[in-house]
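Trainee: All chains should be modelled from the sequences, with the hints used to inform the complete structure.
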Amino acid sequence: MLGFIAFFAASVFMVLIVSSIPTALLPSGFKILLLIIAFFIDAVAISTRFYSYLITPLIKQRKRHIVLSNEDAYWLSVSGDAILHREGEQYVATVYIKIPIYVSATEMTPEEKLEFTSQMAKLLSVGDTPTRYTTQIHIMNKDSYIDTLRNMMNSSENEEAKMMSSNASQKDLERVKGKVSMWHHIMDNASSTLSLEQVTYAAISSIGSKEFEAVSGVQQKAREAMSGISAVLGVTPSVMTGESILRFVEPEYLIPYSTVSEQISKSMREEVL
Amino acid sequence: MDEEAIMYLAMCGVAPLIAIAQLGQFGSGIYTYIIILLVGLLIGFLLIMTFADYVVFPLITGMLDITFQPYKNYKITRSQDAVVKNVNGLYYATGFVTANLFSYVFKAEKLEEDTELKRIEAPESWEKVIMSIPFSFKYHVLSVGLSVQTVRDELEGKRGYQEYQMSRALQSAKANDMVIADIQRKLNVIQARIDSIGKGEKPIASLMYIETTAVGVSEKQALDQLSAQVKQLQISMSAMDVQLLRVVGRELYTLFKFGFGLPTTYAQVATNFGVEK
Numbered sequence: 001m002l003g004f005i006a007f008f009a010a011s012v013f014m015v016l017i018v019s020s021i022p023t024a025l026l027p028s029g030f031k032i033l034l035l036i037i038a039f040f041i042d043a044v045a046i047s048t049r050f051y052s053y054l055i056t057p058l059i060k061q062r063k064r065h066i067v068l069s070n071e072d073a074y075w076l077s078v079s080g081d082a083i084l085h086r087e088g089e090q091y092v093a094t095v096y097i098k099i100p101i102y103v104s105a106t107e108m109t110p111e112e113k114l115e116f117t118s119q120m121a122k123l124l125s126v127g128d129t130p131t132r133y134t135t136q137i138h139i140m141n142k143d144s145y146i147d148t149l150r151n152m153m154n155s156s157e158n159e160e161a162k163m164m165s166s167n168a169s170q171k172d173l174e175r176v177k178g179k180v181s182m183w184h185h186i187m188d189n190a191s192s193t194l195s196l197e198q199v200t201y202a203a204i205s206s207i208g209s210k211e212f213e214a215v216s217g218v219q220q221k222a223r224e225a226m227s228g229i230s231a232v233l234g235v236t237p238s239v240m241t242g243e244s245i246l247r248f249v250e251p252e253y254l255i256p257y258s259t260v261s262e263q264i265s266k267s268m269r270e271e272v273l
Numbered sequence: 001m002d003e004e005a006i007m008y009l010a011m012c013g014v015a016p017l018i019a020i021a022q023l024g025q026f027g028s029g030i031y032t033y034i035i036i037l038l039v040g041l042l043i044g045f046l047l048i049m050t051f052a053d054y055v056v057f058p059l060i061t062g063m064l065d066i067t068f069q070p071y072k073n074y075k076i077t078r079s080q081d082a083v084v085k086n087v088n089g090l091y092y093a094t095g096f097v098t099a100n101l102f103s104y105v106f107k108a109e110k111l112e113e114d115t116e117l118k119r120i121e122a123p124e125s126w127e128k129v130i131m132s133i134p135f136s137f138k139y140h141v142l143s144v145g146l147s148v149q150t151v152r153d154e155l156e157g158k159r160g161y162q163e164y165q166m167s168r169a170l171q172s173a174k175a176n177d178m179v180i181a182d183i184q185r186k187l188n189v190i191q192a193r194i195d196s197i198g199k200g201e202k203p204i205a206s207l208m209y210i211e212t213t214a215v216g217v218s219e220k221q222a223l224d225q226l227s228a229q230v231k232q233l234q235i236s237m238s239a240m241d242v243q244l245l246r247v248v249g250r251e252l253y254t255l256f257k258f259g260f261g262l263p264t265t266y267a268q269v270a271t272n273f274g275v276e277k
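As you go down the protein sequences, you meet chains A and B in turn. If you're matching positions, the first sequence starts at 1 in the numbering used here and goes up one per residue. If you're matching positions, the second sequence starts at 1 in the numbering used here and goes up one per residue.
If you're looking for bench data, these hints aren't it; they were derived computationally from the structure. Ideal Cβ placement from N, Cα and C applies to all residues, glycine included. Do not take every clue at face value.
Beyond 12 Å from chain B on every Cβ pair, some chain A residues (computed) [stated by the list, open to error]:
id, residue
1, K162
2, S166
3, K179
4, N189
Only pairs whose alpha carbons sit at most 30 Å apart, straight line, appear in this in silico BS3-like list of lysine-lysine [as the list claims (entries may be wrong)]:
id, chain 1, residue 1, chain 2, residue 2
5, A, K113, B, K128
6, B, K202, B, K257
7, B, K202, A, K221
8, B, K72, A, K142
Mentor: Here it is in structure tokens:
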């Protein structure tokens, strides 16, 4: 708001000054130039309503890549059940509550479907605090499985190379070749299709001037939300802790690295071929 | 248009109004036309910034090739429609789409008849949509419980205004059937909402949006993939009678920040977005 007032006052002041100076002292061309500047400042003033977060760094840094913040977006709380984010002088703590829903519409009667939709509508009105309910579809993490397959494939290939150099019998060689081919086949299958996983969760935040204040506030809110969710849906929600929170926050956890890189390299191989 | 927007527009309109009032002080002839043109351009800009600010800023940053780093390792693209993160040489582009499920909650005229069938169909439609989307996405509903009495008072005020409009329309010599039907429809919607509150349903304000992430070996590949995913979402979700618009500009920045910390009051949500009540 202060930025807006400053820009607004500057533009009005400039227009008043320019219009009050006689043309004999300031030629019309200069007046128009100054008026353009005053109008530009006026345009900046209205832009600060929503874009002050961009305009101030843009004016200060005067670069094509504007750095709004060089800090990490969040960090994990000491208790491990919330992430913390700094917003000006305040700390915002956020808790993620997993809601285990394992029902399918295909198994429901029309009455059950209506009941389920009503439950969902009631869920949204649990509590007065802003709560975000999310259904997330993410790619199942097959990283460790793919790593295991890679290791098996490599050891089979080593075995094959050793046998070929040690003049092993044709029967043993065929067996190892079959093993290598099998691992390649399993690897191709595992990486050719993406397995998707659905998870439903709620997120709730609380602010505080100290980290512990924000965290204890959000823990209290989470307990209230969990009892509400439990009463409406009849399930046992749980607060996510540690690394499991990252699944809901970081994009690379939505699309796991090895799972995807294997698929990208496979599609690239296919494109080249 | 809310009061805050009117205040900003009125205050920023002072400078061009002074210029018009003092037109003779800037010179005569061609200078007068230049001033009128400049005032016209400024007023046009002020109106666009008030009603469609999301058009202007992405256009400016796009033309000047300006990108932003909201936090370490993240980048908002110059078109301000995606946030990109580089992890181990892979680029993860995240975009947002509005997804207000109007027909299920907000716009029913006769609560029982209009919504029951849709409510029965909703779980199955949702499962079909989910199964038809072969990539990762998140469907978010940010909801805030509102005070029953405040909302009821607000709705009764609105009903009173619509009833006044109706009586004026009926008394008018040029009574238009279309206008009367429209006012009647609005009255029905308000009445249905008052009835639902009367039955014990708690009023909420909500904001619904979809977040989707695409991956690529280059930033361009990730962004192209993201655009394809957004289009696919728009096609798949259309079966749910959802209004789907890609989020750009300040709203993208705000929704991105919601990933790390949510607003804690209704006022904070309403400041940045038009929420449905």
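Trainee: Using Cβ atoms and 12 Å as the threshold, tell me whether S166 (chain A) really stays out of contact range of chain B.
Mentor: holds, 39 Å
Trainee: For N189 (chain A), which was marked as not at the interface, is the minimum beta-carbon distance to chain B over 12 Å?
Mentor: N189 (chain A) clear of chain B: closest Cβ-Cβ about 17 Å, beyond 12 Å.
Trainee: Please check whether the beta-carbon of K179 (chain A) is more than 12 Å away from every beta-carbon in chain B.
Mentor: holds, 31 Å
Trainee: Check the hint pairing K113 (chain A) with K128 (chain B) against an upper bound of 30 Å on the C-alpha distance.
Mentor: holds, 14 Å
Trainee: A cut-off of 12 Å on Cβ-Cβ distance, and K162 (chain A) was said to be off the interface with chain B. Does that hold?
Mentor: At roughly 33 Å from the nearest Cβ of chain B, K162 (chain A) sits farther out than 12 Å, so the non-interface label holds.
Trainee: Going straight from one Cα to the other, do K72 (chain B) and K142 (chain A) come out at no more than 30 Å?
Mentor: Between K72 (chain B) and K142 (chain A) the Cα gap is close to 28 Å, so the pair holds against 30 Å.
Trainee: Regarding the pair K202 (chain B) and K257 (chain B), is the alpha-carbon distance no greater than 30 Å?
Mentor: holds, 28 Å
Trainee: CA of K202 (chain B) to CA of K221 (chain A), is that 30 Å or under?
Mentor: holds, 19 Å
The earlier numbered hints are all upheld by this structure, with none contradicted.
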